[in-house]
Amino acid sequence: MIENRPIITFIAHATLILGIAIVAFPIWITFVASTHDAVRMTQVPLPLWPGDQFFANLYTTFTVGAGGGNTVPVGMMMFNSLIVALMIAVGKITISLLSAFAIVYFKFPFRMGFFWMIFLTLMLPVEVRILPPFKVVADLGMLNSYWGLSIPLIASATATFMFRQVFLTVPDEMLEAARVDGAGPMRFFWDILLPLSRTNIAALFVILFIYGWNQYLWPLLITTDSSMFTVVMSIKQMLESAEQAPEWHLIMMTSLLAMLPPIVVVLSMQKMFVQGLTETDK
Amino acid sequence: MILNKLKLAALGASAFVALTVSAQAQVQIEWWHAMGGANGERVERMANDFNASQSEYVVVPSYKGNYTETMTAAVAAFRANAQPHIVQVFEVGTATMMAAKGAVYPIYELMSDAGVAFDKSVYLPAVVSYYEDTNGNLLSMPFNSSTPVLWYNKDAFEKAGIASAPTTWDEVNAAAQALLDSGMTCGYSFGWQSWVMLENYGAWHNIPMGTEENGFAGINTRFTFNNEAIVNRIQSIADSQESGIFKYGGRRGDSLSLFTSGECGMWMNSSAYYGSMVSQAEFDFAQTMLPLDTDVADKAQNSIIGGATLWVLRGKDDADYKGVAEFMNFISSAEVQAWWHQETGYVPITTAAAVLSEEQGFYEANPGTDTAIEQLSLNAPTPNSRGVRFGNFVQVRDIINEELEAVWAGSKTAQEALDTAVERGNSLLQKFERANS
Amino acid sequence: MLKRVHFGTSILPYLLVAPQIIVTLVFFMWPAGQALYQSLLIEDAFGLSTEFVWFENFEVLFQDKLYFDTFRRTAFFSVTVAGIAMGAALMLAAMADRIVKGALTYRTMLIWPYAVAPVIAGALWVFMFDPTLGIFVYFLNMIGIDWNHKLNGDQAMSLVVMASAWKQIAYNFLFFIAAMQSIPKSLIEAAGIDGAGPVKRFFTIIFPLITPTTFFLLVVNVVYAFFDTFGIIHAVTQGGPAKATEILVYKVFNDGFVGLDLGGSAAPSVVLMVIVIGLTVIQFRYIEKKVEYA
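Protein chains in written order, with this note's numbering: chain C, 1 to 282; chain S, 1 to 437; chain X, 1 to 294.
The hints are simulated quantities; they were obtained by calculation from the structure and are not laboratory data. Among these hints, one or two may not hold up.
Straight-line distance between alpha carbons at most 30 Å, and here's what the computed DSSO-like set of lysine-lysine pairs gives [to be verified]:
#  : chain 1 : residue 1 : chain 2 : residue 2
1  : S       : Lys-322   : S       : Lys-299
2  : S       : Lys-299   : C       : Lys-135
3  : C       : Lys-271   : X       : Lys-101
4  : S       : Lys-412   : S       : Lys-101
5  : S       : Lys-316   : S       : Lys-299
6  : S       : Lys-322   : S       : Lys-120
7  : X       : Lys-101   : X       : Lys-185
8  : S       : Lys-431   : S       : Lys-101
9  : S       : Lys-316   : S       : Lys-154
10 : C       : Lys-135   : S       : Lys-120
11 : S       : Lys-101   : S       : Lys-322
12 : S       : Lys-412   : X       : Lys-3
13 : X       : Lys-185   : X       : Lys-200
14 : C       : Lys-135   : S       : Lys-101
15 : C       : Lys-135   : S       : Lys-322
16 : X       : Lys-185   : S       : Lys-431
17 : X       : Lys-3     : X       : Lys-101
18 : X       : Lys-65    : C       : Lys-271
19 : S       : Lys-316   : S       : Lys-120
20 : C       : Lys-107   : X       : Lys-3
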């Protein structure tokens, strides 16, 4: 920095710490709530400091289950969420890489038609087009399966678009050189394009893993077999069970557990994530 | 590397599917329900008991979210030909289910087709009349039924020097004032406001909520709940907010915490909150009958039920329906019903179950738990107190919620709000009439 | 947009786009077509009786005064969420940009709400602001504010805005800080030598230079507020009280999924699709430009 004014540095640190405090407070509350018992969670004011029921609640969510009396242990649901999130992330990245490759490196009829078709899917969320896809999934016999949970969500305009941009910035000399070496299209894709898009793949993986993990309305609709429930959908269910008050201590414990995997993914891949997101056009 | 990952995921997935689809020789009966939490566990237990009682059928309950989510899931599944055998539908969905003649398998038909003995007279009239067609045939099996009652905090009443539980609205207000004087910040609250304050208020005072016997007599029904009695009551409740006599706490059961935390001394809502109260309230509480509006009626008629029934959907193998009928028979037995009633606070659906609970000494040990049954069977139901049957009622209830919230927030008078609610509700009724004729 | 040097026509490109196109056709185009068709029908929930009514559903929709309120509300909500999420992120990024030591730690601490599911975020905020039990409500009551978002529409709106903005700050922060750090230090130092203070430097140099990022984030945030906040609203207010937090996406969901009015809910979803296509084109043109300049 060009000057060193301690007072400004101090303000900067103070603002950041305040920001972090505000951003992190909800998670602290979640943690605190998960360490008390049911009765304490109905008494005003609610605690700000942890109680001693953490392990008891953890035990309950893992053994009795938290999916609204379905006796689905939370571990099972977390496993389902993990598989679904991985399938969505990997599936989206794979099909987007392939289609971006085709659109950028091949000249063929309907190329732009395909591109626009993919692009239109960009933003319409699952919530507003949920019944017709349900019928397709049912007709294909994919209800209550990992395929049904993930495939309808793996079309991705964002990822296709991002890879398209990345590929567009790859110098033409690369392809010329590859041709001189006699490499075919797939060879070029595998040996040159993939390594060049590594950081972007990582960044997208983070985004899409989170996207997949956080789905809830779709899993809710197409799963009837409690062994296929995902952890995020169970939280909404726990919030409003008929004629019962929410059991906050268990809801918060489950929330805490449900937040952990995506947070771990974001934090552990943070460097690649930031680079991949912010340097697409370099 | 990516491909390997995909393969791995696929491998894991298929292995998992293979595991869950183990060979099943017995006939599987799917049952979609909306009971979460402790009641969900009881549903599981009910199914397990049935499965253990015979070897031909296996009932598989699945929790499908709240009432609306469960119903929508079943409708979507039906359109996709992947429906369950049995689905639990809340009472406001009754008109929609009834109108879907090709989709539902009426209980009376199911029972006679399956050759399972079925005597409608053993069921409590106030419970089954809600779900009968015009010829008195039972269409769906009542499952979890409750009725709104007045819950009160006995400790707080004692502290405020209130001698007896209030029986009229004037007494409710007086008791609320006494509670406020004793240092509480809120007199009473209620939840499910359309159900408690309009539908049940109408039945309790024997005034109609809509034309055509509240929709029972025809699909061309229209709302009339913007009548003087209801408008006055709503307005006076809204006015009493200022002093803290009434406090609004949400559309469904969310205001329960107002009561269990000791903030409000009285609460009008379903008798089925008994289980939650036992586990959450750290004070002595009791239930009593809904208050009477002495300006409107001299004596109370009867209250109507809420909760849900089990509808059987068509499109499965004939052989399956025999099992469905057996299961319906099983859950109506006095033992199962008495257990369900005592554990949950839902009313029993048969007279035998009520008698059995009495014999088991349940009402003696838990005074007040028979309030709901007493209220429901206070008098023989009239066309105004049999229930309500309006199309698109899920949305109508939302409209009523919205308009009442406008009253509580002070942005509309009760008259304006209820007039608008009737107008908006009628256009939905018109639409329903058109879509189903 | 095609590479100057490219492969010739063969079957291969079709095979490459096939998976994406199939999924798009089956799970997007077909449902969208269904929605279009459905919007011209009046139908009962189970699909047993159907009447073709041309544009009647749209006529009803556009005569509904409440529908236009929903538009206004959606606009207000989106702008507020984007404004708060971006403003807070910009300030934090400006501060973090000044700091040499510990910047990574701060980033780590700020980044994680991005990973929290909207539904869970909703559950957290509902819990903190429960009118009876909420810890914040307890403090608000102490300073004399009567909080009841189940009754007070403005409070409900501010609650969903806060929860939605909270989740988005992390994402914006990442982009802002990256943009700021890519500004050559020599530029800032030159301004410093000219005697510009830190605040002036921010507004005359840093802020103009990160405009492309700001504009990009604006689009992303508006889209986020339009659609991805669904889970938050669903968990926090369900659109209430008295429609105070019902935005366009929620209306479609509520009419179709909850009310089972398939024809009636298809009409607003078609309107929503048109808006989506509009936003897509804007975003597309913008990103396209950004690539050209880069």
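Status of the hints after comparison with the structure:
Under the criterion of a C-alpha separation no larger than 30 Å, the hint pairing Lys-322 (chain S) with Lys-299 (chain S) is inconsistent with the structure, at around 45 Å. For the suggested pair Lys-299 (chain S) and Lys-135 (chain C), the alpha carbons sit about 52 Å apart, so the restraint of at most 30 Å is broken. In summary, the hint linking Lys-271 (chain C) to Lys-101 (chain X) is supported, as the alpha carbons are separated by about 17 Å, within the 30 Å threshold. Taken as a hint, the Lys-412 (chain S) and Lys-101 (chain S) pair is broken in the structure, with Cα atoms around 40 Å apart against an allowance of 30 Å.
With a C-alpha separation of about 48 Å, the suggested pairing of Lys-316 (chain S) with Lys-299 (chain S) is violated against the 30 Å cut-off. Pair hint Lys-322 (chain S) plus Lys-120 (chain S) holds up; C-alpha atoms about 18 Å apart against a cutoff of 30 Å. This hinted pair checks out: Lys-101 (chain X) and Lys-185 (chain X) have alpha carbons roughly 17 Å apart, not beyond 30 Å. Restraint check: the Cα-Cα separation between Lys-431 (chain S) and Lys-101 (chain S) comes to about 18 Å, which is no more than 30 Å; the hinted pair holds.
Of the pairs offered as hints, the one joining Lys-316 (chain S) and Lys-154 (chain S) is violated, with about 52 Å between alpha carbons and a cut-off of 30 Å exceeded. The hinted pair formed by Lys-135 (chain C) and Lys-120 (chain S) fails the criterion: a straight-line CA distance of about 37 Å is larger than 30 Å. For the hint pairing Lys-101 (chain S) with Lys-322 (chain S), the CA-to-CA distance comes to about 20 Å; that is within 30 Å, so the pair holds. This hinted pair does not check out: Lys-412 (chain S) and Lys-3 (chain X) have alpha carbons roughly 64 Å apart, beyond 30 Å.
In summary, the hint linking Lys-185 (chain X) to Lys-200 (chain X) is supported, as the alpha carbons are separated by about 16 Å, within the 30 Å threshold. At roughly 21 Å between alpha-carbon atoms, Lys-135 (chain C) and Lys-101 (chain S) fall within 30 Å of each other, so this suggested pair holds. Only pairs whose Cα atoms come within 30 Å are accepted, and Lys-135 (chain C) paired with Lys-322 (chain S) is accepted, the gap being roughly 28 Å. For the suggested pair Lys-185 (chain X) and Lys-431 (chain S), the alpha carbons sit about 66 Å apart, so the restraint of at most 30 Å is broken.
For the suggested pair Lys-3 (chain X) and Lys-101 (chain X), the alpha carbons sit about 44 Å apart, so the restraint of at most 30 Å is broken. Between Lys-65 (chain X) and Lys-271 (chain C) the CA atoms are separated by roughly 49 Å; this puts the pair beyond 30 Å, and the hint is violated. Distance hint between Lys-316 (chain S) and Lys-120 (chain S) is fulfilled; the C-alpha atoms sit about 25 Å from each other, no more than 30 Å. The hinted pair formed by Lys-107 (chain C) and Lys-3 (chain X) meets the criterion: a straight-line CA distance of about 9 Å does not exceed 30 Å.
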